[in-house]
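Colleague: What follows is each chain in one-letter form.
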Amino acid sequence: MTQLDARPAAAEPTVDDEDLIVAKKWHPWRWIVSVVVLVLVAQFVHGLATNPGWDWTTFAQYFTAASVMSALWLTIQLTFWGTLIGFAIGIGLAVARLSNNPVLQVISWFYIWAFRSIPLIVQLLFWFNIAYLYQTLTLGIPFGPAFFEFNVNNVISGSTAAIIGLALHQAAYSAEIVRAGIISVDQGQLEAAAALGIPKRREFFKIVLPQAMRGILPNAANEVISLFKGTSIVSVMAIAELFYQVQVIYGRNGRVVPLLMVATVWYIILTSVLSVVQFYVERHYAKGAVRTIPLTPIQKIRKRVAEITAPPRGGATR
Amino acid sequence: MTTLDATTPTENSKYAVEVRGVHKSYGPLEVLKGVDLVVRPGEVTVIIGPSGSGKSTLLRSLNHLEKVDQGTVRVDGDLVGYRRRGNKLHELSNKDILKQRSQIGFVFQNFNLFPHLTVLENVLEAPVSAQKRKRADVEPEALALLERVGLKDKAHDYPRRLSGGQQQRVAIARALALRPKVILFDEPTSALDPELVGEVLEVIRGLAREGATLVIVTHEVGFAKEIADTVVFMDAGQVVERGTPSELLDNPQEPRTKAFLAHVL
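Quick mapping for you: the protein sequence lines, in order, are chains A and B. With this note's numbering, the residue at position 35 of the first sequence is 35, and numbering never jumps. With this note's numbering, the residue at position 38 of the second sequence is 38, and numbering never jumps.
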C-alpha cells in the first residue's frame, strides 16, 4: 500500500502485490441494452409465428416444390455465368484501361461509360429483342466473305440473352473494381518485379493480382450478391427464375405473401452462403498482408467461451 | 583522380559497368547531364552526393528501370536496354530487357519484398520465373543464401513479420539468387532504424570481401570509406569527382565535394 491510499491499511488483508487478482469488469449497460433488444426480437418472432397472414403452411408447401427448385437453380446459373463472364471481361477492361495503348484505354473507358449509363432492365430488353436488329450471325472475314451463318433467334435464347445482358452489365462495374484493386498495389512491387526480370504475365498473376485481391474482394462480393438478387429483374423477360416463378404461382393461387416469403428466404439463404464464402476467401488473401490472420467465427466463439470460463487471472481483460 | 576513366568506349568492355555520356530529363528538368562511370569486375563503387544530385536515377538507369535519353550503359560488355544497328540504338523488346535485368541484382531503399509470399518464395521467385531454373535446383541455393544473411530460420515467415533490417537482408538474398554480374544498392539503409543499419552493412561488407561487383548509392560516408574501392561524388546531375576513399573523402579537390563532406561528416 502506498502513502497515497487514503483508506486505513488495517482493513486490507495482507497480500503481496504480485498475488493480487484482477477483478472481472462488470458492464451493467451491456446487459440492459441486450435485454431490451432481445424483447423486441422476441416480439417480432412471435408475430411471425402467430400472424395467420404469413400462412406458413403454404410457405412450407412451396418452399421446396419442384418448380421453385428448378427456378432457384436457374437463378444460381444466371448468377454464376453473369459473375464469371462479367469478371473475365472486367479484368480485361481494367487491364486495357491501365495499359499504355491509347486505343485500348479509350475503348475500355467508353465501354464502362456506356454500360454504366444504360439501366440493366433496358439493356436486357434490348438483348431480348436482338433478333429484331440482327436476324443472322455470321462468322467470317470482317467486311469479307462469311463462312458460317446462324439464325439469331436460335442461338440467343431467352436465358442466353439474360446471361449476356447480366454479364456485360457486370463487366462494367467489375472493371472499375478490379482497376481500383490493381492501382492500390504499391508501385514498388512493380519495380521489384521489373528489376528481378519477372515476365509481365507472371508479374500480373503472381505479384499484382494476389495483392490487388484484398482490395477487390469486399467490393466483388457485394457485386456478386447484388447480381444474385438482380437476377430477379430478368423476370421481365418471362424467364423462369426464382422471382418470376413465385409470381406465376401466386398469380394462380392468390397467396402473395407466403410465396414472396419463399423467394425471400431462398435469397437470404444463398446470400448467407456467399457471405461465408467471402469471409474465407478474404482470409486466404490476408496472408502476409496482416501480421495475424483474422479468427474464424468458430475460433472466435471458442475464444469467448474460454474467456468466460477461464479463472480471472490470466484471462484477457477488457 | 584515378586512371579508371578510359576515354574511348569499347564494344567488348573489360568493365563490369560502363556508362558513357548519359543524359536524362524529366520534362524540363535535366537530372543527368552527361555522366561517365566505369566499374571494374570485383570492384566496390560507392556513389555519394546531395539529394536530387541524380545518383539514384543513375543507378536505376544501370538496369533500365530508367530509360536514358542519350548515351550508353553497358553491363559486362552488353548494351543495357538497346541493340545497336549501324549508328542507331533500338530499344530491346520487353522480354529481352527483363532477361538483362535478371542478371543484375537491385536492392531497393524500401526493400520491396513481395508481402504475400514467404521469405523463401521471395528468393525463389525470380530464378524460377525469370531464369527458368528448376525450383528443386534453386531451393537449396536459396536456403544457403538465407543462411548466409542469417535468416534461414525465417524462410517460411511472411516479410511483414520481420524487422526492417531482416527484410533488407532478405532483399539482398533475393538479389543474390539471380547470380548477378553486378549488384546495385539504392540507399539500402536509409529506411532503417539506426540500430538495424549495422546488420545490413555487415552483409554488404561480406559480399565486398568475396569479390562481388557492387555499386552502392548511400548516405553512410563512414561505410563508404571502409568498403569502397572507388568513391564517386555527384552533384546536379554530374560526376564532380571520383577517387579512392582516402583521396576523395580525406582530401577532396573540388569545392562542391568539400562543401558536401563538411555538411555530412
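To be clear, the hints were calculated from the coordinates, so they are not data collected in a lab. All figures in this text were calculated on a predicted structure; none of them were measured in a lab. Incorrect hints may appear among the rest.
Going by beta-carbon spacing under 8 Å, a handful of chain A positions derived as facing chain B [unchecked claim]: (1) A49; (2) P52; (3) D55; (4) Q189; (5) G288; (6) A289.
Heads up, the beta-carbon is just placed ideally off N, CA and C, and yes, glycines get one too.
Colleague: Which hint numbers does the structure go against, in order from smallest to largest?
Modeller: Hints 1, 2, 3 not satisfied by this model.
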